[in-house]
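K.L.:
Here is what each chain is made of, one letter per residue.
2 protein chains.
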Amino acid sequence: MTATVKADLSRYDQKLELILRASARIFAEKSYHSTSMRDISRATGISLAGLYHYCKSKEELLFLIQDHCFGRVLQRLEERLQSESDPIARLRIFIDNHLSFFAANMAEMKVLSHEAESLAGDLHEHVSTRKRRYTRTAHKILSELQHAAVGAERPPRRNGTTRKTARPVEVTVATYALFGMMNWIYNWYDPRGKLSVSQLVDNITRLFLSGFLSQAERATVQGQAEKVNIWRSA
Amino acid sequence: MTATVKADLSRYDQKLELILRASARIFAEKSYHSTSMRDISRATGISLAGLYHYCKSKEELLFLIQDHCFGRVLQRLEERLQSESDPIARLRIFIDNHLSFFAANMAEMKVLSHEAESLAGDLHEHVSTRKRRYTRTAHKILSELQHAAVGAERPPRRNGTTRKTARPVEVTVATYALFGMMNWIYNWYDPRGKLSVSQLVDNITRLFLSGFLSQAERATVQGQAEKVNIWRSA
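Listed in order, the protein sequences are those of chains X and W.
First residue of the first sequence? That's 1 in the working numbering, and the numbers climb one at a time after it.
First residue of the second sequence? That's 1 in the working numbering, and the numbers climb one at a time after it.
Next up, chain X with everything else stripped away, as it sits in the complex:
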């Protein structure tokens, strides 16, 4: 490939990237259905004829936004997971990868979640396939984590009584709950606010793994609740 062709490709990609980012912003603001190609032309300063050089239709723009996002987030994830086998570290990578990417692409996140059904036919099927693969990866990480934990021997208590085993949470519920916790951020999180992306990742990871109350805190609160009950029935 000659240097000129390379530069042209790069210019083409940059302009497409600019169009996709502007379109995602407008779709997120006023919904896909209420946006016209004319709105996108105005926002980008690219003529209608110019836009059609990059995409056949508004639907193709929506497809490219969704496809690029899932493609990039999946590719980065698979690269980062390759060198890690510890189940907790793999989950941390998953959460960090998802939140870092989407905190930098909040408009795209909203479009992915609101306009999934606005695509039809092959375009819809193509994006759904990527999304299923991404969901399966999350499900597999959580299954392996639970398997590593539940499959291992539990130490007996010092007084010799058996330890009460808490029922594990359903992996499918946990997978979608994790996506819910992460994807809801477009409703409230401001990446330029006082909570940094890494603090957000840290909070979500600890909340998902260890819960809102640590074991010791749960015991304390439940102890207090029992005391209150005794006092009440006295």
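One or more hints might be untrue.
Unchecked claim - Result set (DMTMM-like, lysine to aspartate or glutamate): computed pairs, CA atoms no more than 20 angstroms apart in a straight line:
#1 K30/W x E29/X
#2 K58/W x D122/W
#3 K58/X x E125/X
#4 K30/W x D122/X
#5 K30/X x E59/W
#6 K140/W x E79/W
#7 K30/W x E60/X
#8 K58/W x E144/W
#9 K30/W x E117/X
#10 K30/X x D122/W
#11 K131/W x D190/X
#12 K30/W x E117/W
#13 K58/W x D39/W
#14 K30/X x E125/W
#15 K194/X x E170/W
#16 K56/W x E17/W
#17 K131/W x E78/W
#18 K30/W x E115/X
#19 K56/X x D13/X
#20 K15/W x E79/W
#21 K30/W x E125/X
#22 K30/X x E115/W
#23 K131/X x E79/X
#24 K131/X x D190/W
#25 K30/X x E60/W
#26 K194/W x E170/X
#27 K30/X x E117/W
#28 K30/X x E115/X
#29 K30/X x E29/W
#30 K30/W x E59/X
Everything labelled a hint here was simulated from the structure, so no lab data went into it.
Please build the complex by placing chain W on the supplied structure of chain X, with the hints as guidance.
P.N.:
Same frame as chain X, now just chain W:
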């Protein structure tokens, strides 16, 4: 009020309820902006003129859906919380109330989450006020729970060393993470499937309070991870 007027009011309310449910279903399916009053007329079998007897505009329909939902979920919640002071029980009530209501109103849930910005002016402000009150209630329940836990004395370890206190999760992050976990269900949960609403409530509550891995499981998995690391560096 005479019996006839009461019966008329009830008939009016029932018909309005029918219109709101049908509208929510259509807004959820094809988005508010792509729905016309004619679509709602077709779906309900009520003439356009008849529809305008119940609402001035499509926007008023969207407002009534959002206002009725937040109104009903808030009223039920406040009634149920009145007689309960234990922080964990209050959180259970909050999760059960939210998920039971919205599992029976999934189309409304999607409309609430996708079309929040489709209202403007006073209608938007009215719904936002209710939503803020609902969010504040959740935030308060979590603050009280964390306060009860963190404020209490932690028992020292048997060997006399101090216990490492885990940093508490930010209450604001936890509040929105909880809403995310719960509100995401319209993307995956089937109330007629094999997971009952009460099982869903139970899973989400345990996941939020105790995390995906119990304390013992975390220790085991982390122990395994350490062993793997030692083996690797050997």
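K.L.:
Take the hints in turn and mark each one as holding or not.
P.N.:
How the hints compare with the structure:
| no. | hint | verdict |
| --- | --- | --- |
| 1 | K30/W x E29/X | 17 angstroms, holds |
| 2 | K58/W x D122/W | 15 angstroms, holds |
| 3 | K58/X x E125/X | 17 angstroms, holds |
| 4 | K30/W x D122/X | 19 angstroms, holds |
| 5 | K30/X x E59/W | 15 angstroms, holds |
| 6 | K140/W x E79/W | 16 angstroms, holds |
| 7 | K30/W x E60/X | 19 angstroms, holds |
| 8 | K58/W x E144/W | 41 angstroms, violated |
| 9 | K30/W x E117/X | 8 angstroms, holds |
| 10 | K30/X x D122/W | 19 angstroms, holds |
| 11 | K131/W x D190/X | 19 angstroms, holds |
| 12 | K30/W x E117/W | 16 angstroms, holds |
| 13 | K58/W x D39/W | 11 angstroms, holds |
| 14 | K30/X x E125/W | 18 angstroms, holds |
| 15 | K194/X x E170/W | 12 angstroms, holds |
| 16 | K56/W x E17/W | 16 angstroms, holds |
| 17 | K131/W x E78/W | 14 angstroms, holds |
| 18 | K30/W x E115/X | 10 angstroms, holds |
| 19 | K56/X x D13/X | 16 angstroms, holds |
| 20 | K15/W x E79/W | 27 angstroms, violated |
| 21 | K30/W x E125/X | 18 angstroms, holds |
| 22 | K30/X x E115/W | 10 angstroms, holds |
| 23 | K131/X x E79/X | 17 angstroms, holds |
| 24 | K131/X x D190/W | 19 angstroms, holds |
| 25 | K30/X x E60/W | 19 angstroms, holds |
| 26 | K194/W x E170/X | 12 angstroms, holds |
| 27 | K30/X x E117/W | 8 angstroms, holds |
| 28 | K30/X x E115/X | 12 angstroms, holds |
| 29 | K30/X x E29/W | 17 angstroms, holds |
| 30 | K30/W x E59/X | 15 angstroms, holds |
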